[in-house]
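Participant: Chains as they are written, first to last, in our numbering: chain A, 8 to 569; chain B, 8 to 569.
Treat each hint with caution, since some may be false.
Remember, identical chains collapse to one label, so a pair may be satisfied in a single copy or spanning two.
The list that follows gives simulated cross-link-like pairs (lysine to aspartate or glutamate, DMTMM-like), each with its CA atoms no further than 25 Å apart [said to hold, decoys possible]:
1. K460 x E157
2. K344 x E243
3. K156 x D144
4. K323 x E360
5. K156 x D139
6. K547 x D480
7. K250 x E176
8. K507 x E374
9. K479 x D311
10. K323 x D450
11. K226 x E143
12. K226 x D144
None of these hints come from the bench; they were simulated from the model.
Protein chains: 2
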Amino acid sequence: RIELAVNEVLKLMPENPMAALAEALQRVSINSSSEDSKPQAPQVDVAALEAEIKSQGDKIRSMKDAVKANPSAFAKEEIDAEVAKLKELKGKMPANSSDKEKGDKKEKGKKEKDDKASKHLIPVEPVMGTRDFYPEDMRARNWLFGHFKEVARRFAFQEYDAPVLEHEELYKRKAGEEITQQMYNFVDKSGYAVTLRPEMTPTLARMILGRTTESGETKMILPVKWFSLPQCWRFETTQRGRKREHYQWNMDIVGVKSITAEVELLAAITTFFTRVGITAKDVGIKVNSRKVMASILKSQGISDQQFAPVCVVVDKLDKIGPEEVTKELVQLGVSEKTAGTIIKTMSARSVEELSTIAEGADQEGLEELKELFAQAEAYGYGDFMQFDASVVRGLAYYTGIVFECFDRSGELRAICGGGRYDRLLSLYGSKQEVPCVGFGFGDCVIMELLQMKKLLPDFPQLTDFVVAPFSKDMLPNALKVAAKLREAGATVDMQVELKKKVGQTFDYANRVGAQYVALVAPDEWNKNMVRVKDLRMEDKDANQKDIPLDKLHEWRTIFGST
Amino acid sequence: RIELAVNEVLKLMPENPMAALAEALQRVSINSSSEDSKPQAPQVDVAALEAEIKSQGDKIRSMKDAVKANPSAFAKEEIDAEVAKLKELKGKMPANSSDKEKGDKKEKGKKEKDDKASKHLIPVEPVMGTRDFYPEDMRARNWLFGHFKEVARRFAFQEYDAPVLEHEELYKRKAGEEITQQMYNFVDKSGYAVTLRPEMTPTLARMILGRTTESGETKMILPVKWFSLPQCWRFETTQRGRKREHYQWNMDIVGVKSITAEVELLAAITTFFTRVGITAKDVGIKVNSRKVMASILKSQGISDQQFAPVCVVVDKLDKIGPEEVTKELVQLGVSEKTAGTIIKTMSARSVEELSTIAEGADQEGLEELKELFAQAEAYGYGDFMQFDASVVRGLAYYTGIVFECFDRSGELRAICGGGRYDRLLSLYGSKQEVPCVGFGFGDCVIMELLQMKKLLPDFPQLTDFVVAPFSKDMLPNALKVAAKLREAGATVDMQVELKKKVGQTFDYANRVGAQYVALVAPDEWNKNMVRVKDLRMEDKDANQKDIPLDKLHEWRTIFGST
């Protein structure tokens, strides 16, 4: 029946819509007289569309106002339908037209085309919602990633990686999640549904399954302890200013049922914090157990099937408040009374409190929670930890302990989060259940926190040597000097164009953070020497030395000994 | 006129074809009864399509055979048209169905669906044409990238990075290139044309322009010396086995007219070779000057406009032979006689030979070439270098020196390549011409070469310690030991699940490449000691020590001194 319906759809569409479009536009391009008119994305009447979007937005706002006055004025479905319409309209908006100024510039550029074909500036910003890393940004990123990697090394986790492009199916399989609507997905030229990965866990699961036999035995040494630093993507049209990509430090342990796996991951997170100067006064880690919550909710009549979607809703408690959460829970088939009990249960702030508030809690799960806190204490990071029954995490696949790290000042979003997901591999087709636990730790919020706490060091450009030929005929000799110093491990910025004045060389050397300038000039060269000046040494008498060519490789000790 | 034509095209198409398709398929999915049937890429009759592809392939083969027997049997255009048809057919093929076994499995899975909904295995391979990096692959990649980065550091190049997703326009602007047809491009959900970057140079140019004032002055210290290790993507439907992604070491110098910029880049390449054990006997670097070639071709009546496309064609000389190149040159409006002269000129294997074969060569360009070879000699890598007039590189944007590194055994494709592209920034809208030179060095061919030459080291998993609790009550103490050792910089694999026998711990430790096992057991613990065994020490009497807890941080010296 599905295939029939698909065929119906396909009859209405070009067989390969993108190819047809590209081809059609190609033809247009060929027909045009100018060589510079390149095929473009479909043009839309931006002004008309903007007006439509505005009017649709007004409509929704008035509906919502009406509902506030009288809850039965409109059904949720009615409003949802209008919101969907709004989204569709926004989807038609060309990505760049949101920035009005840019749009105008482009328009202006077009008018000038007759004069200066092809001379208009290409977009100099990266694709919307993404970041370039200029060298100074890259030094900061390398510093942060260096800490991530060093912590992972000390915990004996092995690095892995996978293509940023993933099978869309991995994410569709984990149904009921917001993430599938926010994916940077597309159908490739061969008709295959792919996406820029929104998160790394499904990829990890895929790779583990790739090394698992038919009968469900992994071919790897268990436990698998892996880490990665993937760039993850999402597509959001609505919220301006939110990024569409971030990097995320991932650490996962596969094959361990014991809570000590969680303890290790939390130890890695707190080890990282300690390395960069963040203390338990700055951040805390909220911990909960979905297993325990599920048992309590089950005693309230929430089925296993309902549990994951209930968690996804309850996760929004902070954002949308108890009233909205109750509404959404009712939509999931939860009675209003039970919704109230759930929200009350979520207020527990200690394992003991939870036991008294809620009946029917899974004893094994409670025991696990207590053990987790005891082991964290033993490892030495107990002061970071607190129980919080409201933390359930937004992802449907968690099955046990979940945790979330937060900034105690309350200014920032969650710093990192994770938990146990023992059933993801079964959902993906594994014949055996494979216990898994992991976390994701983004690169953006932590950098904001470090900045806020003034814990970010400076990242200046640093160079050991600038090597400069005194004149054109000295250039080959300067190249020899550069080669020798590099062979000896120095960072050497070779001056590739002659400067008119020596002063320019020193200016340049100061700007690129060089410690030494090696000036290759005829007088010294004839004595097999190179004049080297230490730019950071105050003592004007000692800061310059003539070094024999065959001693250049000892540059560290020569200058270290002065 | 173009806008009118575009509107014509759009009338024939859904306004947003992908959105329309997705929406339509969503509806189909809602109509279906099973919760597990997720929207899929359009279904096609794979068997019928395969038959069609086969028959079309046969047709082309017979046409080609006919041409071999009688060159005028079919025109090139006729065959090309049939090849295009074949490509189109192949494009309709679902990405995964090429692998017959998989297809069958999937089919089988579908039939079993009624029994075990959603239990069929997800795709465990990465997206077609891409690579996963399991830890052992990642160690090899990190080793290679470590050399790339270390060389770049010694040359004082700064690292930069940018999103893998780029504006399609960057590549469309550089018209006349094969790359635009092979792009992994798509229109995003907001209607914006993006692509997974096929190469890094346009991104570099974009970033430089992003730091350039209206009047064309850069805000950065010149020269800019940057490097990056981007993953680059292409989309090819036809050639099975060819990868759709690779990593590419890029080094670029911006703002330098002098040939010494090229000399520095070639020095970096050869420094890398030397580090990994590749000599001038293994590889060579072919160098040519497009400036010189342009001057010679100009004297043959080839216009500046024709020059870049002529280079793109001539670059295929090795692949398609002189006859085909002549045909394609004639198609570009070059006379058959001139085509012959061009091909003859390409045979020059020294600067001197070129001067005698071809008249009208640009003297400044010839001088530059001679200087380049002299400076390479001075730096110390002259033996890698050779002139080769047939090297023009396939990219349209090169304007001066071009080079290509090849394996002397002739078994592998080009190892790296690059050159000068002084006009790319102007093409992108810069008001001033900005001299640029750079190279790209892929990660695949070099690894093949290193393997071929047996120069790849082993990359075993290595760990300092496995820390194991003797019993459950020792677990908190074992965690303390792990924390102490990690604080002291050790790589510590904490045993997160109790083993029944100590032997299992040692087995595990051996498999993960651990040097020491720290066994946390009651007898020693009561004396504030931990028993540590050195697994790599032969001497059975000396390979075990009880170390006081407060001395654990001295682990390196304790064992170093035995």
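Participant: Going through the numbered hints above, which ones does this structure break? Give me the numbers in ascending order.
Facilitator: 2, 6, 9
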